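> Can you make the complete structure from the sequences, with help from the hints?
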Amino acid sequence: MAACRVADRRLSIPVWKVAPRAMPAITPERSRWFARNILPHEHVLRGWLNRRLAPGLDADDVIQEAYTILVSKESVEDVQNPKAYLFQVAYSLLVRHVQRSRIVSIRAVADLERLDLPAEMASPEQVLIDRDELHRLAEAIAEMPKKTQEAFILRRVQGLSQREIAARMGVSENTVEKHIVKGIRLLIDRFGRGGKRALGASRNDDTGTSGLDGGARDKSGG
Amino acid sequence: MAERETSRAVDDAAAAWAGRIDRGPLSTADNAELETWLSGDPRRLGALARAQALYDGSDAARALGPQFDPAPFKAKSAVRPSRRNLIGWGGGAVAAGLVAGVGALGVSSYGSRAYASQRGEVRLIPLEDGSAITLNTDSKIRVRQRRVELVRGEALFEVAKGEQPFVVSADALSVMATTAAFVVKAIAGEPVSVVVREGRISVTDRRGRLQLGANQQMDASPKQTQVETVAPAALVRRLAWREGKIAFEGETMAQAAREFARYSDMRLIIEDPTLAQEPVSGLFAANDPVSFARSASQAFGARLDIEGRTVRLGRRPT
Chain A
47 MAACRVADRR LSIPVWKVAP RAMPAITPER SRWFARNILP HEHVLRGWLN RRLAPGLDAD
107 DVIQEAYTIL VSKESVEDVQ NPKAYLFQVA YSLLVRHVQR SRIVSIRAVA DLERLDLPAE
167 MASPEQVLID RDELHRLAEA IAEMPKKTQE AFILRRVQGL SQREIAARMG VSENTVEKHI
227 VKGIRLLIDR FGRGGKRALG ASRNDDTGTS GLDGGARDKS GG
Chain U
17 MAERETSRAV DDAAAAWAGR IDRGPLSTAD NAELETWLSG DPRRLGALAR AQALYDGSDA
77 ARALGPQFDP APFKAKSAVR PSRRNLIGWG GGAVAAGLVA GVGALGVSSY GSRAYASQRG
137 EVRLIPLEDG SAITLNTDSK IRVRQRRVEL VRGEALFEVA KGEQPFVVSA DALSVMATTA
197 AFVVKAIAGE PVSVVVREGR ISVTDRRGRL QLGANQQMDA SPKQTQVETV APAALVRRLA
257 WREGKIAFEG ETMAQAAREF ARYSDMRLII EDPTLAQEPV SGLFAANDPV SFARSASQAF
317 GARLDIEGRT VRLGRRPT
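So the protein lines, in turn, are chains A and U.
So in this note's numbering, spot 187 of the first sequence is number 233, and the numbers just go up one at a time.
So in this note's numbering, spot 30 of the second sequence is number 46, and the numbers just go up one at a time.
Since the hints were derived computationally from the structure, they do not count as laboratory data.
Fair warning: there could be bad hints in the mix.
Simulated pairs of lysine-lysine, DSSO-like, Cα-Cα distance not exceeding 27 Å [said to hold, decoys possible]: (1) A:228 / A:193; (2) U:90 / A:192; (3) U:239 / U:156; (4) A:224 / A:192; (5) A:192 / A:228; (6) A:224 / A:193; (7) A:228 / U:90; (8) U:156 / U:177; (9) U:90 / A:193; (10) A:224 / U:90.
Predicted model, so just to flag it, every value in this text is computed and none were measured.
Here it is as structure tokens:
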């Protein structure tokens, strides 16, 4: 009784479809909205997803795809509670993957029936910049390889352009670009999938997370 | 289903695109390539959004100041950076202040020495008995052996064991300790406050005497005395000034502006009353209210005007 066929499931939450899009650009406004309202919840979302994943699916797959849906949305003005919305989108994606994979454990489906969102859903985006942000950023920069670090500091701390950095360091612009890319990659690892909270995460989340992740993760381990 | 690209590979490519976009406007060919890439997998746009948002967020690194030296942040050694290393933070004024000299400001006729810090300065004063006093911005003390008067401002006392008790007086309040670390703050118009980081102290004020232990705070005004427990994290924030930083945790913009005024002669004026009530959190270079104002203007979508030594934040014209 480990697995069963999933037939018609009545799932009230629609599966978001990503329409083929001609214009991929992410507007600066959307990017800011995203950084402020969505990114800070990634850590909680990952924990939440990890407890509900079907085999063959990784939380980051769902997160990336959910982000695609959120940044492709025509307008976000109607999104009252970005965190709840993010979780619903992620949830719908989970459901879709479960349906696609056909063979799933009964427990996975039963779990999916309840969209038990984290309790402190009503999080007004009260706070913006994490109190440790600068410190953690400084640490992230400190951990970068030497040349990458030099380029990254010139770009982010001194505000030089990639071209100016190339001149300053006596290397090609392509090389500078590679260093910046590497720096970005390290930021993703550090603040994204690494499980550390994103830049911009708020204190509210912090407290929410400890109650939410800790206990439940322990349970699923047993 | 074809072999699916891993989410990690998607992130690699997303970082590459974010780096290319950061270099400058994309060529038509680049744009076409980007579109092709994006349409190839539903995760890619999301990954790019994240890469760009994280990269944009790293713009806050400007607040580290032009003299930022990453070296002290590297070691995971858990030892806090030495004072010398902290010079990297926030540059000029703080660095100047951290020169840990015992340059006496003046010697009074009673054999006590006075020390003062400039605005924006953090100053370490080692005492002969092994104790150390760190003065925050715009503060003044008088020291006579193990007796200290906090004339104004804020100071951290790290008291080494000695034969005599160590006594700090501020306004109508006096603190006695044998070994302890605590902060006393006496700012005109605010209650005198004492926070204990380590050890136990005995505090006497107008209403009597009480004992405070680690993580306890007392605020004494002529009207009342209040004692509360401070979370360890909050205590760390309270001491951020030692590193030339200010930490906020839900203070209003108006309070933040007042706090910055303690550290520099830059004036931060919040013209919009709604904005003045917005809460802020974050860690900022104390001597750089402009970076703070810039972050705030971005976060709240407010207009930012800098004119000489005045920074104004207001409603964005619609």
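> Against each hint, give a clear statement of whether it holds in the structure.
Checked hints:
1. As the CA atoms of residue 228 of chain A and residue 193 of chain A are separated by approximately 10 Å, the hinted pair is consistent with the 27 Å bound.
2. Between residue 90 of chain U and residue 192 of chain A the CA atoms are separated by roughly 12 Å; this keeps the pair inside 27 Å, and the hint holds.
3. Using a Cα cut-off of 27 Å, the hinted pair residue 239 of chain U and residue 156 of chain U holds, with the two alpha carbons roughly 25 Å apart.
4. Annotation: proposed proximity of residue 224 of chain A to residue 192 of chain A holds, straight-line Cα distance about 13 Å (limit 27 Å).
5. This hinted pair checks out: residue 192 of chain A and residue 228 of chain A have alpha carbons roughly 12 Å apart, not beyond 27 Å.
6. Taking the CA atoms of residue 224 of chain A and residue 193 of chain A, the gap is about 10 Å. The hint holds against a cut of 27 Å.
7. Note on residue 228 of chain A and residue 90 of chain U: the hinted pairing holds, with a Cα-Cα distance of about 18 Å set against a maximum of 27 Å.
8. For the suggested pair residue 156 of chain U and residue 177 of chain U, the alpha carbons sit about 24 Å apart, so the restraint of at most 27 Å is met.
9. Taking the CA atoms of residue 90 of chain U and residue 193 of chain A, the gap is near 15 Å; set against the 27 Å cutoff, the hint holds.
10. Distance check on the hinted pair: residue 224 of chain A and residue 90 of chain U sit about 22 Å apart at the alpha-carbon level, within 27 Å; holds.
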